[in-house]
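> Work out the full structure: start from the sequences and follow the hints.
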Amino acid sequence: MKIELNEIPIKELVENYVDAGENGVTGFNGKLNIRPAYQREFVYKDKQRDAVIETIRKNFPLNVMYWVKNENDKYEVLDGQQRTISICQYFVGDFSIEFEKDTPQYFRTLSKSEQEHILSYKLMVYFCEGTDKEKLDWFKIINIAGEKLYAQELRNAIYIGPWLSDAKKHFSRNGCVAYSIGKDYLTGSTIRQEYLETALDWISEGKIEDYMAKHQNDKNANELWLYFNSVIAWVKVVFPNYRKEMKGINWGHYYNIYKDDQFDTVSLENEVIRLMKNDDVTRKSGIYEYLLDKQEKHLNIRAFTDNMKREAYERQSGICPICKKKFGINEMEADHIDPWHSGGKTTVDNCQMLCKQDNRRKSGK
Numbered sequence: 001m002k003i004e005l006n007e008i009p010i011k012e013l014v015e016n017y018v019d020a021g022e023n024g025v026t027g028f029n030g031k032l033n034i035r036p037a038y039q040r041e042f043v044y045k046d047k048q049r050d051a052v053i054e055t056i057r058k059n060f061p062l063n064v065m066y067w068v069k070n071e072n073d074k075y076e077v078l079d080g081q082q083r084t085i086s087i088c089q090y091f092v093g094d095f096s097i098e099f100e101k102d103t104p105q106y107f108r109t110l111s112k113s114e115q116e117h118i119l120s121y122k123l124m125v126y127f128c129e130g131t132d133k134e135k136l137d138w139f140k141i142i143n144i145a146g147e148k149l150y151a152q153e154l155r156n157a158i159y160i161g162p163w164l165s166d167a168k169k170h171f172s173r174n175g176c177v178a179y180s181i182g183k184d185y186l187t188g189s190t191i192r193q194e195y196l197e198t199a200l201d202w203i204s205e206g207k208i209e210d211y212m213a214k215h216q217n218d219k220n221a222n223e224l225w226l227y228f229n230s231v232i233a234w235v236k237v238v239f240p241n242y243r244k245e246m247k248g249i250n251w252g253h254y255y256n257i258y259k260d261d262q263f264d265t266v267s268l269e270n271e272v273i274r275l276m277k278n279d280d281v282t283r284k285s286g287i288y289e290y291l292l293d294k295q296e297k298h299l300n301i302r303a304f305t306d307n308m309k310r311e312a313y314e315r316q317s318g319i320c321p322i323c324k325k326k327f328g329i330n331e332m333e334a335d336h337i338d339p340w341h342s343g344g345k346t347t348v349d350n351c352q353m354l355c356k357q358d359n360r361r362k363s364g365k
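Residue 1 is where the sequence shown starts when you use the working numbering, and the numbers rise one by one after that.
Hints are computed from structural coordinates only; laboratory data are not their basis. Glycine is no exception: its CB is placed at the ideal position from the N, C-alpha and C atoms. Among these hints, one or two may not hold up.
Said to hold, decoys possible - Below, computed lysine-lysine pairings styled on DSS-like, alpha-carbon distance capped at 25 Å:
| hint | residue 1 | residue 2 |
| --- | --- | --- |
| 1 | K294 | K236 |
| 2 | K284 | K247 |
| 3 | K362 | K324 |
| 4 | K247 | K169 |
| 5 | K74 | K168 |
| 6 | K325 | K309 |
| 7 | K183 | K169 |
| 8 | K69 | K2 |
| 9 | K324 | K247 |
| 10 | K244 | K219 |
| 11 | K244 | K297 |
| 12 | K168 | K247 |
| 13 | K244 | K294 |
| 14 | K183 | K247 |
| 15 | K214 | K247 |
| 16 | K31 | K11 |
| 17 | K69 | K122 |
| 18 | K247 | K259 |
| 19 | K244 | K284 |
| 20 | K169 | K236 |
| 21 | K259 | K294 |
| 22 | K168 | K207 |
Unchecked claim - Quick list of simulated restraints, FRET-style, between CB atoms:
| hint | residue 1 | residue 2 | range |
| --- | --- | --- | --- |
| 23 | D94 | V177 | 20 to 30 Å |
| 24 | F60 | A233 | 30 to 40 Å |
| 25 | G24 | T282 | 21 to 31 Å |
Quick look at the structure:
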């Protein structure tokens with residue numbers, strides 16, 4: 001990969017700066033793509049943004065940036081998007097800064113000499129030329145010391161194309177449609193690509209890269225969008241009474257398995273209520289998973305305490321009630337006499353100590 005260091009005055013960077021939203025952000029007289037497909041949305045907070053301008057104003061060194069040189073002498077920002085947009089936004093008057101207390105200053109309200117001082121500030125920019133794979137590898141390296149990219153942001157760097165552009169319209173903007181219909185069921189941030197990652201994980205059953213490679217050149221992401229809508233609609237039908245515990249569950253996985261099954265939603269709701277009230281269930285969000293696949297591990301059922309185990313052990317005189325042999329307490333495991341799934345409680349009266357072999361044989365039935 002060819003890398004060359006250049007000095008770019010801010011006046012050249014901001015020339016013909018355009019922020020067209022979903023249609024892109026450009027600068028450097030139209031030659032610089034400031035927000036390529038693999039870049040995240042603008043996420044700097046006000047203090048970070050202001051610090052960029054203050055650094056320039058005081059003529060302190062700003063961290064080096066990286067641009068990729070493409071054909072026809074055009075470039076795209078590889079690293080430094082947040083700083084670049086901060087500079088351009090200040091130049092066009094999107095925000096002001098209090099250089100002195102209670103005296104906010106827009107760029108246009110600065111004196112001519114102060115404006116010229118900022119415009120003549122030289123940014124240190126590496127121009128990089130290479131293959132897509134080389135760009136991605138370099139991108140990973142230079143972001144170690146910066147704000148770390150999320151996994152899906154890195155995937156987006158590889159699978160650029162019309163499919164990705166369309167997918168990001170649905171899943172990757174502030175207030176996007178995926179957020180409006182899925183915010184109660186998904187965790188994470190849209191602009192950090194976590195909604196897109198979740199939808200891809202669901203539809204591909206964890207094989208996100210394979211799915212993106214297969215669909216990279218598709219004209220749109222309609223399949224993914226329709227699938228996502230189907231998952232959310234299915235959840236709302238099966239569990240119509242929303243609770244906060246439904247947020248963050250791997251709903252796509254369960255939709256893929258059970259979407260064609262018939263459920264008695266009234267019975268399911270009654271079970272949800274019963275389990276929510278059950279003190280033995282320590283992971284309430286696991287109730288929904290348990291009701292679908294019947295695996296008690298989702299519930300983190302309250303375990304017998306050491307005192308309960310000791311009382312049961314002494315009551316049995318160390319004798320396993322199944323094989324009738326005597327064991328040390330460390331050779332035995334606690335078990336519900338009346339099974340938990342049949343209403344048995346995690347209490348000392350419902351505790352028995354079985355030898356490990358018999359307990360595991362019973363659990364496997």
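> Confirm or reject each hint.
Going down the list of hints, with the structure as the test:
no.	hint	in the structure
1	K294 <-> K236	holds (20 Å)
2	K284 <-> K247	holds (11 Å)
3	K362 <-> K324	holds (15 Å)
4	K247 <-> K169	holds (23 Å)
5	K74 <-> K168	holds (24 Å)
6	K325 <-> K309	holds (17 Å)
7	K183 <-> K169	holds (16 Å)
8	K69 <-> K2	holds (10 Å)
9	K324 <-> K247	violated (47 Å)
10	K244 <-> K219	violated (36 Å)
11	K244 <-> K297	holds (20 Å)
12	K168 <-> K247	holds (22 Å)
13	K244 <-> K294	holds (21 Å)
14	K183 <-> K247	holds (8 Å)
15	K214 <-> K247	violated (30 Å)
16	K31 <-> K11	holds (14 Å)
17	K69 <-> K122	holds (19 Å)
18	K247 <-> K259	holds (19 Å)
19	K244 <-> K284	holds (10 Å)
20	K169 <-> K236	holds (24 Å)
21	K259 <-> K294	holds (16 Å)
22	K168 <-> K207	holds (19 Å)
23	D94 <-> V177: 20 to 30 Å	holds (26 Å)
24	F60 <-> A233: 30 to 40 Å	violated (53 Å)
25	G24 <-> T282: 21 to 31 Å	violated (49 Å)
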